[in-house]
Amino acid sequence: MNSLYMPKDSLIHSLDPRTKMIFVAFVVASSFIMNDPALQLLLLVALFPLVVIAKLVKPYLISIQFLLLFAVLIMTVHGIYNPIGVTPVFEIFGGLTFKYESMVYASVMSFRILVIGTGAVLFVMTTHPSDMASALVKWKVPHSFAFILLSTFQIIPIIAREAKIVMEAQQARCLDVKGNIIQRVKNLVPMFAPLFIITFMKVHQLSYVLECRAFSRKGNKTSLRETNIGSLDYSFLLGMLAVLVFEIYLKLFMMGSLQLTTDALLTYSLIGTWVVCGFMLIKFLFKRVQGKVGGVN
Amino acid sequence: MMKKNSSFIVAMIPAGIALNWVANSIVEMLKLPLFLNNIGTVLNAIVLGPLWGAATALMTNVILALIVRWTYLPFALVGIFVAFLAYFFYKKGWFKKAWKVMTAGAVTGILASAVATVISVYAFGGFSGHTVDVLTAGLIASGQEIFNAAFVANIPGTVADKLLTFYIVWMILKIFPVRFLPNAKDIREKIGIAPKNSGGKKKTA
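Respectively, the protein sequence lines represent chains A and B.
Numbered by this note's numbering, the letters in the first sequence go through residues -6 to 290 in order.
Numbered by this note's numbering, the letters in the second sequence go through residues 11 to 215 in order.
Keep in mind that the hints were calculated from the coordinates and are not lab data.
Predicted, not measured: the structure shown is a model, and the values here were computed from it.
Glycine included, C-beta positions come from ideal geometry on N, C-alpha and C.
Not one of these hints is a red herring.
Computed beta-carbon distance windows for the label pairs: (1) Ala165(A) - Gly202(B): 24 to 34 Å; (2) Gly232(A) - Val128(B): 33 to 43 Å; (3) Phe272(A) - Val188(B): 50 to 60 Å; (4) Pro81(A) - Glu155(B): 17 to 27 Å; (5) Val282(A) - Val188(B): 52 to 62 Å; (6) Gly153(B) - Leu217(A): 55 to 65 Å; (7) Gly202(B) - Ser209(A): 29 to 39 Å; (8) Val188(B) - Val202(A): 18 to 28 Å; (9) Phe246(A) - Thr113(B): 53 to 63 Å; (10) Phe246(A) - Pro192(B): 51 to 61 Å; (11) Lys276(A) - Glu155(B): 28 to 38 Å; (12) Gln283(A) - Asn193(B): 53 to 63 Å; (13) Ser7(A) - Gly202(B): 50 to 60 Å.
Taking lysine to aspartate or glutamate pairs in the EDC-like style, the calculated list, with each CA pair at most 16 Å apart, reads: (14) Lys184(B) - Asp196(B); (15) Lys171(A) - Glu161(A); (16) Lys179(A) - Glu38(B); (17) Lys171(A) - Glu38(B); (18) Lys184(B) - Glu199(B); (19) Lys179(A) - Asp169(A); (20) Lys1(A) - Asp124(A); (21) Lys214(A) - Asp124(A); (22) Lys214(A) - Glu204(A); (23) Lys157(A) - Glu38(B); (24) Lys48(A) - Asp2(A); (25) Lys41(B) - Asp169(A).
Stretches of chain A that chain B covers, calculated by requiring three or more beta carbons in the stretch to come under 8 Å of a beta carbon on chain B: (26) 56 to 64; (27) 71 to 83; (28) 100 to 110; (29) 135 to 141; (30) 167 to 179; (31) 203 to 209.
Isolated chain B, as found in the complex (with noise of 0.2 Å):
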């Protein structure tokens, strides 16, 4: 599959990049308190598979860097760190039900933010340049623990992060055309969706 799609991935991960980074200005618009930011990251992943999908999160934190600043680079690990998870729970056939894709999301939203806290503690000493330093900084305040702080301050909005991701990413490719897919069939199959039913709809798609 990577020989004869390569240029399908060559286009497909500067793709995820852009919507890594365009989700953040929907979730703007909607004026939700969320980021997205590992849409694109988690869809390459499932889509190309999850050494792509960490090749996604990587350069996205690279141009990130290249283009805001660089303290987005270490953060890094954490959109590899997912994009794993998320290919691992998807070849488990944990995408079939939506309970279970948003356990999968929030069990990857805690390992994640596990990450981020580790990579901020000792790259930044704790925060990562979000809003949510200004709660880090009041609960060192507090008499908290550095590791604890950030980690308790991280962790709802990680954890609300990933899970409704996992449930986007989810819910899109259920009613994704199969054309554009390059793996359909067995996205199809682990998605949920059982082949028999698909079979008349491709021929209408």
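Excised from the complex, chain A in its bound form (with noise of 0.2 Å):
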């Protein structure tokens, strides 16, 4: 199992994981203090450009879907259905109206989620788990949890490999899979115990082979991968410190002056989320008329 990594050459893939993962940490952090739909859109556009360099556009997009799904979902009920709202915006079909103050808490919290999420699948997609893990003991997080980080990525398709031998095995003696919701309840156990025994054994094992390689010896540990702090991941971490200092000066002394959030602004955003789930839908059911018709040809 690979994590999202995306090997390709770019200006982000060349940064150092450290650095991505305080930008992590940027992200999110700048994504509460700015708890103001129309700054956190703002926020939201000007990491696309970030996306674009690091040459993740279709994967990005492809992997923001979830997400988007979830803000119309939380934009569309908070802003009918949530008791804080009380400024009717505009009404659609059947008598519901949108209320000011639940869009804005609505947007607020929706945004954020597809905030985090572009910085979060910025720093995925661009950082290989080995990377990742051997940053982490550059950070001094005990070596035993890197491992565990990384040898999960590798255990996991043994175990499905494993979890699927056990299925077919099970069904080849007679196991019933079509029978009633109790009988398949019970069918639970005989598919999970040697599940779990296998699981056990390939434990001995791997425990085994680490003993071997001197896994529990103390002292420090070399890695294949080597990862360092340059000038680039220097530039990049000065300018998300005045990125951080503009907003949080912008949070303390613009805030009563600024009014960005409007009526129209909510709106749109709201509109927008629905045209493109409409989008996203149409090209579902699309594909599923096109699978449908492919397979009577």
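If you follow the hints, you should be able to join the two separate chains into one complex; please do so.
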């Protein structure tokens, strides 16, 4: 199982993983500092050039789809039904009104999900898991923790393969997978028991191998992939610091006079998410129909 | 025990995470409306101890956040909570009879869904990213408060899920070959197999 890592040759990929971790923390922090829909939308738009620089536009859009679904659900349901809303903004059919306060609340929440999602996707897609682990070790995180993180990526496909073998073997022994629901619940035990035992056997093997390679020995461990912080990282960090200071300044001194959030912005962002979501739905249905038609032919 | 088995623990936590992950595909194949995504956590909490169970839960959600999407990360708290509760019930001797295990699972399910609801309300407005969200939205639309709606929508699934998780782990630990478990004697005592009977079995196994 690979993580979402996409090997590409770009500026963001060549950054040190530690810089990118700080970047994720920076994105999370700024999404909480700027709890205003307009500013968060601005942040989201400002993060997009980084995605372009990392040459990840298409995978980014695919992975952000689900978060967008979240946003649509939150904005629609909260915009109409959240009790904190008072001032009606606009009405759709059936007498349901979107209220200003609840729309602000919902948009802050859903834009925050999107902003953090963008930052996380940028980090995950540009960082090799080994680099992540070695960066954690450099940050004095215990070596075993980094190893757990890394080995999970390798052990998941092994266990998944074993699970498939167990399932097929039990089906070959007439395990009924199409019975009534109680029968199927009972079938969980014959499925999981061999899997647990296989897992323990694998774990014992793995721990012997680890001991053979002197895993629990004290001392520094070297890593195959080396990462180091260069001038690019320093300039990136400096840029982040500048933006953070600017955000805090904006928050502390300008908030009273600055009123970017308007009814129109909220309405348009809501309709925008609807349109994008509808587009996704049409694409999904189209693919389904295409698959069906293709299957017939 | 910790020092002696440190490489076993280091190998067991990824396996627990993998079990959490793989349980989903087994459940999918049997077409059951469950997740069972705490099965490795509960197993590790019982076999290795509560802290390692909690570590398994945390790492599971970190991995999910890295591989699938970041919205899984806050729900790590639920897993940690389940790990501690599982160890608590195990230590208090609730893993001896079937009905006690089921009760423990149901109680854990109720408490876990309360925690999950609090997280989902504060972080994601009451939604959690599963198909239950449709039910939550429907309940909110029918005039429920957001917290109540999310809680009511969550509770049946979570309770059934945790109940079965506990039951399966208990059933399997009962029939487990002793030589694989690091603290087999303690576990056999706690899950209601008299050590006298197991003495004979041990030699043959």
